[in-house]
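Enquirer: Spelled out from the first residue to the last, the chains are:
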Amino acid sequence: MNRKKLQKLTDTLTKNCKHFNKFEVNCLIRLYYNLVGDITERQGTVNGLDRNAFRNILHVTFGMTDDMIMDRVFRGFDKDNDGNVSVSEWVYGLSLFLRGTLEEKMKYCFEVFDLNGDGFISKEEMFHMLKNSLLKQPSEEDPDEGIKDLVEITLKKMDNDHDGKLSFSDYEQAVREETLLLEAFGPCLPDPKK
Amino acid sequence: MGVALGRLVQWTAPGHGTRVLEKTPLNEAILKEIIMFAESFIYKHPQEAKYVFVEPLEWKTDLNPSAFESGYVVSATTVKSEESDENGQPLLFLSVPQIKVRSFGQLSCFLLIAKDTKLKEAQACIEGNRNPVAKILGLDYNTMKEESSILNILDKITKDNDTESEIKMKIAILLKQLDVNLLNHSLKCISLEIPLHPAAVKNDIELLKRFSGKGEQTVLESIKYTSDYEYPNGCRAPPWRQILGEICYVLVKPHDVETLCITCSEEGVFLNGGKTDDEEINYERKGVIYKDLVTCLKEKSAKFSENMSKQKTRFNEELQKEKNKPNETPKKEAPGALRKAIPGSDKTMLEKNQINFGKSNMIKRLEPSLNWKTTIDSKEVSIHEERHGGRVEKSAPSVSAGKAQLIRKSGEKVEEIVSESSSESEEDEEPPDHRQEANADLPSEYWQIQKLVKYLKGGNQTATVIALCSMKDFNLAQETCQLAIRDVGGLEVLINLLDTDEVKCKIGSLKILKEISHNPQIRRNIVDLGGLPIMVNILDSPHKSLKCLAAETIANVAKFRRARWAVRHHGGITKLVALLDCAQNSAEPAQSSLYDARDVEVARCGALALWSCSKSYANKEAIRKAGGIPLLARLLKTSHENMLIPVVGTLQECASEENYRAAIKAERIIENLVKNLNSENEQLQEHCAMAIYQCAEDEETRDLVRMHGGLKPLATLLNNTDNKERLAAVTGAIWKCSISKENVTKFREYKAIETLVGLLTDQPEEVLVNVVGALGECCQEYENRVIVRKCGGIQPLVNLLVGINQALLVNVTKAVGACAVEPENMMIIDRLDGVRLLWSLLKNPHPDVKASAAWALCPCIQNAKDAGEMVRSFVGGLELVVNLLKSDNKEVLASVCAAITNIAKDQENLAVITDHGVVPLLSKLANTNNDKLRRHLAEAISCCCMWGRNRVAFGENKAVAPLVRYLKSNDANVHRATAQALYQLSEDADNCITMHENGAVKLLLHMVGSPDQDLQEAAAGCISNIRRLALATEKARYT
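Those sequence lines, one after another, are chains D and G.
Residue numbers for the first sequence follow the UniProt record's numbering, so the first one is 1 and each next one is one higher.
Residue numbers for the second sequence follow the UniProt record's numbering, so the first one is 1 and each next one is one higher.
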């Protein structure tokens, strides 16, 4: 890619990006093409970062481990659902991922947690996301009982309209009250310690 | 004299050449008595003083011939007295080093010449003349022994009926009196040393043991010592209790009552607090002291008393046998044994004193015997602390409850020794640690919390965060929830979470800890589990919200001593002080307003934690060393109210230290304190006023408060009396500020004095102390005294004289005294019987109150009508005052001297106090270096000279020579009072001689040149008296 094209791309992307300045955008674009270049070397022609490559990045760079959450994060980045993260999706996604405001992050996280995309986080979805969060006690009769209970606790805490599922407004209200609940069902944002 | 010298005086063991007197207190006392007798002989019995001894008293003297002056013929190595006997032999003959004296007159003169070496000379004389009576009166008088003496004397008188033998008789009688006197005197000394003896106690107990056991017939079920170890001196009490005279502790189980734990001490036998759980004895006395164990038990157990009377005969027999054994020998030769007994008892005394020496440094809390040596030296203590500290740190993270308990104990003891601070009193007792009963109706919260804790333990970070958030929804201010978290093991998990890398978990955990640490028990548990070092480490975290939460939690936890110590010990103070610096960084441009608020928050939390920590002295020091004062000063300039409160709170706490007050002055903090007095926030006002109260001990600070306009808001705040804490702080500030006159003027302008008078009723004691203190200061000025009277302030002030609060009494007496300066006020005080109340405060046990009351009495006596009559009307009052001269508190002594000065202005009262022995008591005080006491003492002496032969008596009691030395003091007031006293004393010829000998003339001549007219006059008068005496002597000699 020549310099002129890069310059132009940077300019367009910077215009629509809230949290990065031009220099940062420029760096990210270069990084993106480096990553894509690596893949191209291995697999031939590609139109962007595919799921595996992206998950690899999430795992190595951001220390995420939960497969399901990583998949959901990829979905969150891949706005056009084409199975690849394009350069613009990359820059916009990272802008939110790293520098997003609380509102943006809430929206993003809710989308990540709403597995079927119906606008609600249902009990089943919660169960699904939390099922590995407790140490299995071999003595217990029903190994899932703890998880079910945890789901109930969460609902009690967050479900303000008591309809048995979390709408975005339920979620938003709970998070505004207690920011710790932003990533209530699994880490989907970079860990603040890094 | 013969008997006393023969039997009582303690000689060294024979066999080392000549026997000499031992240096013991008893010997010294006897010698002093003899000296007194011999010295005063020439005045008291001038006739007998001329009597010539049958044989001269001979001894080796160290006195130089040059010491002898007029009346003696002096050569290089010999001195002859001009006075001689009928045969022309001199009555005193000194040929170095041997001296011979042949009359009491010469003996008196000789002792006067000997001055400081008197005691030595007297000792040499007694040693050189083993039988002085025989030498003085002739051998036949020496045969006089005990009972027969009077008969002998009568016999003699009838036999040879001439004047000489009459004089001889008189002398014999005088010597006899001296002898009796000496015996009495030494008996007093000895009798003080016969307390209950360990051996006697042991006998009692052994005997009772023989009559104890099962069955109805025995007197007790059992009796045993608490300790099997017996010290060589027969005591079983630990050494630190032995100094209190305690001998041993016994557990007695009578038939009819519970086991009694009894202390046997030298004073007697009493019940103590019994054994505590940890096998220690609560040494405190419960109930009265009995004279011995049997009496005590009779009182406590009816059965014992009954069976005792049955067994009485047997018991007494046994007891008698026991008693007789040691007593048999003394009975036969009581005086001889007595003599032997004394050195013995002295020795034990000495031994005890050695123990005392080590012990007196001990702090009230008793440590195992190995430890107490280290408490003697403060340096060693710190090493001690390090050691303990190290152990605490190492084992703290382990959560075993038993161990934690142990660690807590050791840590606590150290802390108790190390830091003592005035403000530390609150919440230092351990609250009762009541864990909830296993199944006693636990609330539903308990089970829910238990479940959450389970998820905390067994969940990943997502589950943990959910559990933490859910737990936070419980009412954490409620004790059941707080204790439930602890009881299901939640505290350990929460503290462990702090040690992880998960920021969210740490935040969640701290949010809970912050809430539940309001509970005193939880605080202690957190410290026991080693939570503080972890939180201190979090203070270094880059996350501001974490820092804030950690600091806030520390602020809650550090409410007791051990926690404060832990914070300091883990370097927390430095880190907390660093938090204060956060607000400064906000000045950096790039950081947006979003972060600014949090920076202030961080500083606020830091200040909050420091406020808690600053209640320990060592922490105050640590804050100062970490550079906290300038930072606090800077924060004080901001306008965030919720930040100002902890900042001012910390400052106020620290202002109890001198170097803080200096720093507060240097950092211009007063200005901001004054500014914040005008704040709307009551708590802030309170702390500002409190800080001013602490700092205004310093004069410059008081001026600063005025210059920055702080007096007006203080005066205004007086009008709001609802918030008592604030009122106490404000009145305190006013009190301290009104020590400066300019401030008082301002307060008068602001009508604060009227308001203060209004606050004299219906206020809590903390407020009253300050209000009265302020009035006491204000009433130093005439206008204010009038205002106080006009506002009706005198009645409530006098009413307060009957209180019991010591600080209040000190202030009230001062205020009443200040008011009494005005005769019109005095009339009111007199009418309200205020003087009597003041007078009765002289009996108050606390020296400060005594002194303050005595000072207050001075103006009262000055200004009362018929003061003399009034003073006499207090039954026993004068005796009380005179006896206060035996106090060992300088301030009390000075104040009482001042009161005596005023009392003595009335002739009749002067006569009464003379009868109560004011002269010797005053004279005894003369050897002081305290200028305040010197001044008032000299004034008292000069006033007391006005009666009878008091002038002479002062001379006899050796008050004159020390007074002359007062003239060398640097205090002009002392000079004036002393010159006046000397002037009065110089009316007596002997005093003139003493003054002259002590070089008074030169000093007085100097004073004549003083600008102070009274001083001039008194000094000149004194010199003229001395001079006149000299002229008269010259004249007498040449005519």
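Don't read these hints as lab results, they were simulated from the structure.
Each hint should be verified, as a subset may be incorrect.
Said to hold, decoys possible - Using 30 Å as the maximum straight-line C-alpha spacing, the simulated BS3-like pairs for lysine-lysine come out as follows:
hint : chain 1 : residue 1 : chain 2 : residue 2
1    : G       : 472       : D       : 105
2    : G       : 457       : D       : 136
3    : G       : 472       : D       : 107
4    : G       : 286       : D       : 157
5    : D       : 156       : G       : 457
6    : G       : 544       : D       : 148
7    : D       : 148       : G       : 472
8    : G       : 100       : D       : 131
9    : G       : 544       : D       : 107
10   : D       : 165       : G       : 454
11   : G       : 544       : D       : 123
12   : G       : 675       : D       : 157
13   : D       : 131       : G       : 457
14   : G       : 451       : D       : 136
15   : G       : 544       : D       : 136
16   : D       : 131       : G       : 451
17   : G       : 457       : D       : 148
18   : G       : 120       : D       : 79
19   : D       : 156       : G       : 924
20   : G       : 712       : D       : 107
21   : D       : 105       : G       : 544
22   : D       : 165       : G       : 472
23   : D       : 156       : G       : 472
24   : D       : 18        : G       : 544
25   : D       : 165       : G       : 544
26   : D       : 123       : G       : 454
27   : D       : 131       : G       : 454
28   : G       : 544       : D       : 157
29   : D       : 157       : G       : 454
Stated by the list, open to error - Derived Cβ-Cβ restraints for the label pairs, each shown as a range:
hint : chain 1 : residue 1 : chain 2 : residue 2 : range
30   : G       : 542       : D       : 82        : 36 to 44 Å
31   : D       : 179       : G       : 640       : 19 to 27 Å
32   : G       : 680       : D       : 81        : 57 to 65 Å
33   : G       : 680       : D       : 176       : 27 to 35 Å
34   : D       : 176       : G       : 720       : 35 to 43 Å
35   : G       : 642       : D       : 179       : 15 to 23 Å
Note that the coordinates shown come from a computational prediction; the quantities given were computed from them, not determined experimentally.
Built from N, CA and C at the ideal position, the CB exists for glycine as well.
Enquirer: Look at each hint and say if it fits the structure.
Expert: Here's how the hints hold up against the structure:
1. G:472 / D:105: This hinted pair holds, its Cα atoms lying about 23 Å apart.
2. G:457 / D:136: Between residue 457 of chain G and residue 136 of chain D the Cα gap is close to 12 Å, so the pair holds against 30 Å.
3. G:472 / D:107: Cα-Cα ~25 Å, so holds.
4. G:286 / D:157: Status violated; Cα separation ~58 Å.
5. D:156 / G:457: holds, 21 Å
6. G:544 / D:148: violated, 35 Å
7. D:148 / G:472: holds, 20 Å
8. G:100 / D:131: Distance of about 117 Å is beyond 30 Å: violated.
9. G:544 / D:107: holds, 25 Å
10. D:165 / G:454: holds, 25 Å
11. G:544 / D:123: violated, 35 Å
12. G:675 / D:157: Violated, because 46 Å separates the two Cα atoms, which is more than 30 Å.
13. D:131 / G:457: holds, 16 Å
14. G:451 / D:136: With a Cα-Cα distance of about 15 Å, the restraint between residue 451 of chain G and residue 136 of chain D holds, given a limit of 30 Å.
15. G:544 / D:136: Judged against 30 Å, a Cα distance of about 35 Å means the pair is violated.
16. D:131 / G:451: holds, 17 Å
17. G:457 / D:148: Between residue 457 of chain G and residue 148 of chain D the Cα gap is close to 17 Å, so the pair holds against 30 Å.
18. G:120 / D:79: Violated, at roughly 114 Å.
19. D:156 / G:924: violated, 86 Å
20. G:712 / D:107: Answer violated: residue 712 of chain G to residue 107 of chain D is near 57 Å, above 30 Å.
21. D:105 / G:544: Holds. Residue 105 of chain D to residue 544 of chain G sits at ~20 Å (cutoff 30 Å).
22. D:165 / G:472: Given that 30 Å is the threshold and the Cα spacing comes to 22 Å, the pair holds.
23. D:156 / G:472: holds, 13 Å
24. D:18 / G:544: Answer holds: residue 18 of chain D to residue 544 of chain G is near 25 Å, not above 30 Å.
25. D:165 / G:544: Outside the cut-off at roughly 34 Å; violated.
26. D:123 / G:454: Holds, at roughly 21 Å.
27. D:131 / G:454: holds, 16 Å
28. G:544 / D:157: Given pair residue 544 of chain G, residue 157 of chain D holds - Cα atoms ~26 Å apart, limit 30 Å.
29. D:157 / G:454: Holds. Residue 157 of chain D to residue 454 of chain G sits at ~18 Å (cutoff 30 Å).
30. G:542 / D:82: 36 to 44 Å: holds, 39 Å
31. D:179 / G:640: 19 to 27 Å: Cβ of residue 179 of chain D to Cβ of residue 640 of chain G: about 23 Å, so the range 19 to 27 Å holds.
32. G:680 / D:81: 57 to 65 Å: holds, 59 Å
33. G:680 / D:176: 27 to 35 Å: holds, 31 Å
34. D:176 / G:720: 35 to 43 Å: holds, 40 Å
35. G:642 / D:179: 15 to 23 Å: Cβ of residue 642 of chain G to Cβ of residue 179 of chain D: about 22 Å, so the range 15 to 23 Å holds.
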